[in-house]
Amino acid sequence: MDLSDQALVEKIKAADYQAFEALVNRYEGKVYRLAMRMLRNQEDAEDALQETFLQVYRGLNGFEGRSTFSTWLFRLATNVCLMKIRHRGTEPAHLLPLEEYLPRHEEGEHPQIQEWPDKPEEVLLSKESRQKMLEALDRLPAEYRAVFILRDIEGLSNAEAGEALGISMAAVKSRLHRARLTLRGMLSGYFERIGS
Amino acid sequence: MKCKEILEKLSEYIDGELDPELCQDLERHMEDCHPCLVFVNTLKKTISLYKYAGSEPLPKEVHLRLHDYLKKKCQGC
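Those sequence lines, one after another, are chains A and B.
Read left to right, the first sequence gives residues 1 to 196 (my numbering).
Read left to right, the second sequence gives residues 1 to 77 (my numbering).
Treat the hints with caution; some may be incorrect.
To be verified - Coverage of chain B stretches by chain A, computed from C-beta distances (three or more under 8 Å per stretch; other residues unrestricted): (1) 9-15; (2) 20-33; (3) 57-68.
These are calculated hints, taken from the structure and not from any lab test.
Nothing here was measured: the structure is a model prediction, and the numbers come from that model.
Note that beta-carbon positions come from the ideal geometry of N, C-alpha and C, so glycine has one too.
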């Protein structure tokens with residue numbers, strides 16, 4: 001039977017290195033995906049992955065279990081990625097004007113919006129569409145991108161994402177909403193075209 | 001409810017966090033407003049596409065290098 005995260009943490013604190021390897025095996029894929037989406041570069045993502053788990057090992061004695069292990073891990077991983085991004089200094093600093101990605105509401109008229117193709121996700125996800133999606137995600141400022149990845153890709157709750165990022169739940173919800181609307185807006189031209 | 005007010009509430013609606021009364025207002029609006037219905041459907045699709053695309057496995061060599069790295073680094077911890 002698989003041990004819980006907390007049980008593995010206790011074993012690691014008692015110097016059981018195999019328990020640490022089990023915990024790494026459990027979460028390495030999630031941390032790597034987070035880093036790939038935050039950093040868009042395999043080499044940087046691998047660096048971030050290694051650095052995160054080294055910080056886990058070194059910091060585990062200070063982990064008191066006030067949050068779950070996974071939330072704590074995501075906090076470390078997100079901070080490692082954000083630090084790397086800050087060092088790069090080439091990130092978009094502000095969210096692109098949301099208004100550009102919203103339907104135009106003329107007085108008393110409904111906006112013109114086209115449907116996207118009515119096909120399942122696995123059919124819509126071609127190499128080209130995946131590339132468009134990654135490019136769109138990359139154009140979000142890092143703080144918005146992190147919220148979207150944690151909430152909508154990794155499935156954390158508002159409270160967990162807030163804890164991982166050190167921001168309030170209200171800030172999580174606001175950033176998530178803007179990130180979603182902006183991504184939809186950036187992708188709509190592409191998906192409308194392949195649907196027409 | 002106007003279209004612009006709907007836009008502000010859509011994430012809460014999708015996440016099931018909207019007050020039931022507002023939820024009904026929003027759904028009533030969408031029965032008569034096709035563009036808002038399309039907007040919410042494409043917003044949901046955006047989220048599900050990212051979720052679906054986000055499940056690729058960790059490359060084997062990255063896994064092996066991670067474990068080697070940690071073994072070396074952690075022995076001295």
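Hints, verified against the model:
{"no.": "1", "hint": "9-15", "result": "holds (count 3)"}
{"no.": "2", "hint": "20-33", "result": "violated (count 1)"}
{"no.": "3", "hint": "57-68", "result": "holds (count 7)"}
Violated hint: 2 only; the structure is consistent with all others.
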